[in-house]
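Start from the sequences and build out the full structure, keeping to the hints where you can.
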Amino acid sequence: MTETMQADIRSGRLSEAEIEVNFGDMHPLFRRAEALVEADRCFFCYDAPCTNACPTGIDIPGFIQQLRSQNIKGSAHTILSENIMGGMCARVCPTEVLCEQDCVRNTLEDQPVRIGRLQRYATEAVVEGSLQLFQRGEDSGKHVAVVGGGPAALSCAHRLATLGHRVRVLNAAEKLGGLNEYGIAAYKTVNDFAQKEADYILGIGGIEVRNSTAMGTDFSLADLRNDYDAVFLGFGMGGVNELGLDNDQLDGVVDAVDYIASLRQAENKSELPVGRKVLVIGGGMTAIDIAVQSKRLGAEEVTVVYRRGQQQMGASNLEQEYAQTSGVGIRYWLAPRELLQSDGCLSGIEFEYTQLEDNGKLVPGGKSCVLEADVVFKAIGQKVLWDSLGDTAEILELDHGRVSVNECRKTSLPDVWAGGDCVYGGEDLTVSAVQDGKLAAMDIDRCLRQ
Amino acid sequence: MANLSSEFLGIKSPNPFWLASAPPTDKAYNVNRAFEAGWGGAVWKTLGEDPPIVNVNGPRYAASYSNDRRVIGFNNIELITDRPLDVNLKEMRFIKRDWPDRALVASVMFPMQEEAWAKYVPMVEDTGADAFELNFGCPHGMSERGMGAAVGQVPEYIQATTELCKKYARIPVIVKLTPNVTNILPPARAAKAGGADAVSLINTVNSIMRVDYETLSMYPTTDGMGSHGGYCGQGVKPIVLHMIAEIARTQDTADIPISGIGGITDWRDAVDHLALGAQNVQVCTAVMVYGFKIIDDLTTGLSNFLDEKAMTSVRELVGRAVPSVTDWQYLNLNYIEKAHIDQDTCISCGRCHIVCEDVSHQAITSTVDGERRFEVIEEECVGCNLCVSVCPIEGCISMQQLTSGVDPRTGRPVTSEKADWTTHANNPMRSK
Ligand SMILES: Cc1cc2nc3c(=O)[nH]c(=O)nc-3n(C[C@H](O)[C@H](O)[C@H](O)COP(=O)(O)OP(=O)(O)OC[C@H]3O[C@@H](n4cnc5c(N)ncnc54)[C@H](O)[C@@H]3O)c2cc1C
Ligand SMILES: Cc1cc2nc3c(=O)[nH]c(=O)nc-3n(C[C@H](O)[C@H](O)[C@H](O)COP(=O)(O)O)c2cc1C
Ligand code: SF4
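Those protein sequence lines, which keep their order, are chains A and B.
Numbering of the first sequence is given in our numbering, commencing with residue 1 and proceeding in unit increments.
Numbering of the second sequence is given in our numbering, commencing with residue 451 and proceeding in unit increments.
Check the hints yourself; a few may be wrong.
Pulled a few chain A residues facing chain B out of the computed Cβ check, cut under 10 Å [claimed, not checked]: (1) Gln6; (2) Ala39; (3) Asp47.
Simulated restraints, written as ranges between beta carbons of each label pair [claimed, not checked]: (4) B:Asp808 - A:Asp218: 31 to 39 Å; (5) B:Glu821 - A:Ala266: 48 to 56 Å; (6) B:Glu828 - A:Glu109: 25 to 33 Å; (7) A:Gly365 - B:Glu828: 57 to 65 Å; (8) B:Asp662 - A:Glu427: 42 to 50 Å; (9) B:Glu828 - A:Leu413: 42 to 50 Å; (10) A:Ser130 - B:Asp662: 54 to 62 Å; (11) A:His143 - B:Glu821: 44 to 52 Å; (12) A:Asp110 - B:Pro858: 36 to 44 Å; (13) B:Tyr740 - A:Glu109: 22 to 30 Å; (14) A:Gly129 - B:Leu783: 54 to 62 Å; (15) A:Glu109 - B:Thr700: 43 to 51 Å; (16) B:Glu821 - A:Asp110: 22 to 30 Å; (17) A:Arg31 - B:Glu821: 36 to 44 Å.
It should be emphasised that the hints constitute simulated quantities derived from the structure, not laboratory data.
What you are looking at is a predicted structure, and each value in this text was computed from that prediction instead of being measured.
Cβ coordinates follow ideal geometry from the N, Cα and C atoms, glycine included.
Pasting the structure below:
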């Protein structure tokens, strides 16, 4: 067969059955015996390093002890009272650089207690079974607007409800969950868990949700400040950074986050268009996720290309390994220079080798190479799309293009708090967004009660 | 290789491991398999008068578990053999014929009437059995009928029944003691007074395992009702060891040969029994949980241990630890130990800190110069060993003796002179 000149992008590379296997649960639920044996490995450390490493500060030895004695409700409560998305975090947290990294078992045997999977076990029955463990606080008479529907917003809303405030969630997307619903890799959160978790959170009562309602289009920040006692902003980051090359708009050059969103929402994944040769530009979680998912959709050759080295990569070593064992190649020290085309179609990228100077600056190394591609995914970080948010940027103090907040997640305005990906200084993880929402809610409560 | 061959009351066996009288020795089929596997002897499941007893037709056994479902304790409401006497005797005879080098002991439980012993003792001896073991321990069912523990809890009955057996027996008589007494010495003395050649201990401990969390009845039950059972397995070993040591170190009982039973699961448990005074050991629960094959670990483990200790026979080990057992009042109160944490092996879990802080003497740091670090504060440490007990890393925390200088806790100089409670100033009854 001769090479066609057309870019090879098509759907149906794999059968539905193959896709189902490929997108099965990445870390299946522990069986009871597994959970009990694993729980037995916990030493119940004093001032536990794992708890200190958890952005939401879950009392990990505490929940494991409760799990050990099969006090599942108590165990789930210990988790969810610090992190209402403990179920999602159990699935998506890079535990290898969080709690599990600091497990003292690592010094003994290179195998930490598998905290994430225990956390999932402990929360599964409660969240999946809608066993409500929380109660709305006594009505404070205050009304708070929460902008966004992702981890930051939902965590804030839930904590506000427990504290007795009425909450209205204003969310641009059709569904709640933010990136839990539209962004996280499909194999990390199967069976529509993001929606089940959102339902669980709303189950407390006192939270009114308006989806498909966007700040900047349907209302402004100024409106909210007029109509509510306090405002929380958790609108995440709407856009992906551009590669900054000519012909960026060429067919076949795709925003990775958009593509994942359509993948997550697809009724039938085998109908998605998939390139034969796929290049992913970037070095974070998004890059890894789009690469692995492309491979699992049937792409023949998938390569992540990162402009720095393995150590500098945002994705942890474990994630890189996961990509590699999933059949994804990773190339380091290559920066894209030019998008190549033939007959008006994307055909590849010319890369420039890079190197680090002693002062830490990344500079061209002189040589270059070409990698072929039918599809190129942009995954080089996200940004807030301020243009779509009306005058928000004018009235809020920003820092590095994101909202500036103090340690209580309060913005420069006395009645506005913010958290999650849209604020500067965070870790851009689900768990840190949850923590931001929680901290903001606690500070809002403090201020509203003064 | 150390020689494991054993002689108990002149009865030879290739190793000191016998199966205790229980389900593993219930019939020829099992005992054959046990001897094939390498067990040194078997005490046959307790024989009784015909008609045989009956067992419940529901659960007889229950276990307590560790989290990975290792059995750590075991309980039963089984009675003595439920097969006719002649069937058992016939099988015992075959076994002894086929396995002349193994010990075969007949466990028996007969009423406290002379006719019974006059009738049955010769019948049992006719099988070729090497000894009798008198079951004065069964704590459930049989005791309600005036036998088993009902005898074992009354020293006069022990003596009388032992005398009856001895009167008719030509082979040695071992008296199996019940632990369901507050002091093991009176029963041991009674056995000796009745002419027993040896004692074996323990039989099982009165127990109820737990409740059923659904029904809130005790567990297990037979048709909704339960009765207490006998507890055994790993959980009972420390209780047994104390009882063995008491008999072995008390002047008027020290000369009674002991067969140690209770909680033996691996060779180290056997070392405990032997060093504290047992001349051989018997095993039940571990076999009920893991099968006969554990004999391989028991024999090779013990043999390797003896080699490491430069001992050539089990006999050299027997009773070795007995002289180290004494009364609290004779412990040297001038002797001082302090905990020491080896920072190289410490994994910084901090469990030593939290227990010393919450329970003991606030003698372990959690931070040093702002860093997470666990160090013993000698000024506070009383040497209680709690931190050593809870540390998950064996050998990380050790107790080290203070041999000179001043004890930083009390400010008193360390002395090599011994002084115990009997002469201590705070003791109102001290000998002056
Ligand atoms: C592809 C990908 C994979 C990831 N994988 C992981 C992972 O495995 N583990 C992990 O910990 N983190 C992961 N992350 C990061 C994590 O998803 C985010 O850090 C987290 O979702 C941030 O939460 P958030 O609530 O701030 O924002 P988002 O989850 O982005 O939610 C923003 C919400 O705001 C709403 N919104 C946006 N604009 C408006 C507006 N104008 N008006 C009203 N509502 C608006 C959106 O509809 C959305 O509901 C991943 C991110 C991406 C992009
Ligand atoms: C199910 C079961 C039945 C038992 N039956 C008898 C018996 O018939 N006669 C007897 O002397 N001891 C009997 N015992 C007690 C054992 O012989 C032994 O003394 C006790 O279990 C302690 O040893 P271990 O910890 O190794 O099990 C029985 C024990 C169990 C578990
Ligand atoms: S020996 Fe006891 S008092 Fe001393 S440090 Fe350890 S726990 Fe504390």
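So, going through the hints one by one against the coordinates:
no.: 1; hint: Gln6; in the structure: violated, 59 Å
no.: 2; hint: Ala39; in the structure: holds, 7 Å
no.: 3; hint: Asp47; in the structure: holds, 6 Å
no.: 4; hint: B:Asp808 - A:Asp218: 31 to 39 Å; in the structure: violated, 56 Å
no.: 5; hint: B:Glu821 - A:Ala266: 48 to 56 Å; in the structure: holds, 51 Å
no.: 6; hint: B:Glu828 - A:Glu109: 25 to 33 Å; in the structure: holds, 31 Å
no.: 7; hint: A:Gly365 - B:Glu828: 57 to 65 Å; in the structure: holds, 59 Å
no.: 8; hint: B:Asp662 - A:Glu427: 42 to 50 Å; in the structure: holds, 48 Å
no.: 9; hint: B:Glu828 - A:Leu413: 42 to 50 Å; in the structure: violated, 56 Å
no.: 10; hint: A:Ser130 - B:Asp662: 54 to 62 Å; in the structure: violated, 28 Å
no.: 11; hint: A:His143 - B:Glu821: 44 to 52 Å; in the structure: holds, 47 Å
no.: 12; hint: A:Asp110 - B:Pro858: 36 to 44 Å; in the structure: holds, 39 Å
no.: 13; hint: B:Tyr740 - A:Glu109: 22 to 30 Å; in the structure: holds, 26 Å
no.: 14; hint: A:Gly129 - B:Leu783: 54 to 62 Å; in the structure: holds, 60 Å
no.: 15; hint: A:Glu109 - B:Thr700: 43 to 51 Å; in the structure: holds, 47 Å
no.: 16; hint: B:Glu821 - A:Asp110: 22 to 30 Å; in the structure: holds, 23 Å
no.: 17; hint: A:Arg31 - B:Glu821: 36 to 44 Å; in the structure: holds, 40 Å
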